[in-house]
Each structure stands twice: as structure tokens, then as C-alpha cells.
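S.K.: All chains should be modelled from the sequences, with the hints used to inform the complete structure.
This is what each chain is made of:
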Amino acid sequence: AQTVTQSQPEMSVQEAETVTLSCTYDTSENNYYLFWYKQPPSRQMILVIRQEAYKQQNATENRFSVNFQKAAKSFSLKISDSQLGDTAMYFCAFMKASYSGAGSYQLTFGKGTKLSVIP
Amino acid sequence: DAMVIQNPRYQVTQFGKPVTLSCSQTLNHNVMYWYQQKSSQAPKLLFHYYDKDFNNEADTPDNFQSRRPNTSFCFLDIRSPGLGDAAMYLCATSREGDYEQYFGPGTRLTVT
Chain E
106 AQTVTQSQPE
116 MSVQEAETVT
126 LSCTYDTSEN
136 NYYLFWYKQP
146 PSRQMILVIR
156 QEAYKQQNAT
166 ENRFSVNFQK
176 AAKSFSLKIS
186 DSQLGDTAMY
196 FCAFMKASYS
206 GAGSYQLTFG
216 KGTKLSVIP
Chain Z
28 DAMVIQNPRY
38 QVTQFGKPVT
48 LSCSQTLNHN
58 VMYWYQQKSS
68 QAPKLLFHYY
78 DKDFNNEADT
88 PDNFQSRRPN
98 TSFCFLDIRS
108 PGLGDAAMYL
118 CATSREGDYE
128 QYFGPGTRLT
138 VT
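Chains as they are written, first to last, in the numbering used here: chain E, 106 to 224; chain Z, 28 to 139.
Quick caveat, the hints were computed from the structure, so don't treat them as lab data. Hints are supplied without guarantee of correctness; some may be wrong.
30 Å max Cα-Cα, derived DSS-like pairs, lysine-lysine [claimed, not checked]:
no. : chain 1 : residue 1 : chain 2 : residue 2
1   : Z       : K44       : E       : K175
2   : Z       : K71       : E       : K183
3   : E       : K216      : E       : K178
Not close to chain Z: a few residues of chain E, all C-beta gaps over 10 Å, as computed [what the hints assert, rightly or not]:
no. : residue
4   : V118
5   : V124
6   : T132
7   : S147
8   : Q149
9   : R155
10  : Q162
11  : E166
12  : N172
13  : S185
14  : D186
15  : Q211
16  : T213
17  : G215
18  : G217
19  : I223
Using N, Cα and C, we set each Cβ at its ideal position, and we do this for glycine too.
M.R.: In C-alpha cells:
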């Protein structure tokens, strides 16, 4: 079984500054995906960024980037130039790349980090 | 815009009184998921549908059931809610074999 650990329940950052959210995971799989999802207050969860485990290059999406350390099983999210709209709960999630059958891939989530961006 | 819709957004029910939560989607995805998210905990998969095929997670209580009458709609039925069932319930969809899941805004269930 896979586990995902987010050790920072809450964080805050000043607007325009940079913040890094931590995530570690445990798995015996070699091929998998890692994700960061954002859940703004009272709104739906949306995908921020994904990383394929076989890729050494860290994923980036505009102001969001990850630091993927496969050997250490670490997957942190860096948010640059933080904006008020970044205030949300952020979830790190793991998915095996092997098709689990029944049409789906299974997501395992961490408990989340509540990020507040301060004006 | 194509989306996942959950109704109601907030639901209050009494201890032991059956309740049904609704999810609909305009994405035409053939896989639909239900997650339970308790306060300060990770979202936990309860079950999912692949078309009309129902797939239950091993540790999902029997108190939870689901129906999918067509591609667009999926329902979560809680037969006899207990205080421990108070949570946010998230619906999500995906295309068959696709890694990305699209989430609805959730229904927050309170049990009194």
C-alpha cells in the first residue's frame, strides 16, 4: 500500500513571496505519477501539476514547480510570486502508473496543507 | 463549461435517517468516483463506477451504497448515517484509463 505524508498542516506566505510545500511518500512501485491538487475554500479541487516518476526533469507550470527526489521519495511544491488566489488547501497525491483495471487509476492523497497568502 | 456538479452543497440529516447525495457531470466521462473527506484528513476513496460496473473499496462500510442510472448521474446513499459519517463528500470523474480526475465542489454532510 502507498502512503503520502504532508508534514505541514498550515503555512502562510506574504503576497509576491515564494513558498515551498513538502510531501513525502512511501511505495514499492517503480512507475507512478505524483500530483499536487489545489482546493480553494468552498470550491472544487483542481489539478495544479503532475510528475511522472520516470522523468528526471522537474515539472513546471507557470509559477508552480516541483522538486522531485525519487530516491528520497520526496515531492515538494514551490509557488513563486504568491498571489491571493493561491490561498487554498493543497493536497499531494500518488497514483500507480500500472492500470488497476475497472477503468480507473487509484489516487492516494495526503492530509493536505492549508496555505494562506497574506496581503 | 463542462463540469462536475454536486447537489446539495450542504446537507443536514438526523442520526439514522437515510440521505442521498447527488453528482452529475457534463464531461461525458465513463468513470465516476466518490470520496469521503473528514476534517483534517486525506480524501478517501469509497467506490467508483466504470460505466455501470460498480467497484467497492474493501474497507467501505456497508452503510454506504451507490447508484449510477446513466453516464451523467451518480448517487451516494447513506442508509443509516452515524455521527462518524459527517464529512465532505467529493465526486470526481475521469476518462477510462486516464490519470486525471475532475472534481466537483463537494457536499458537506452534517449529522445531528
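S.K.: Taking the numbered hints from earlier one at a time, note which ones the structure violates and give those numbers from smallest to largest.
M.R.: Failing hints, ascending: 1, 7, 8, 9, 15, 16, 17 and 18.
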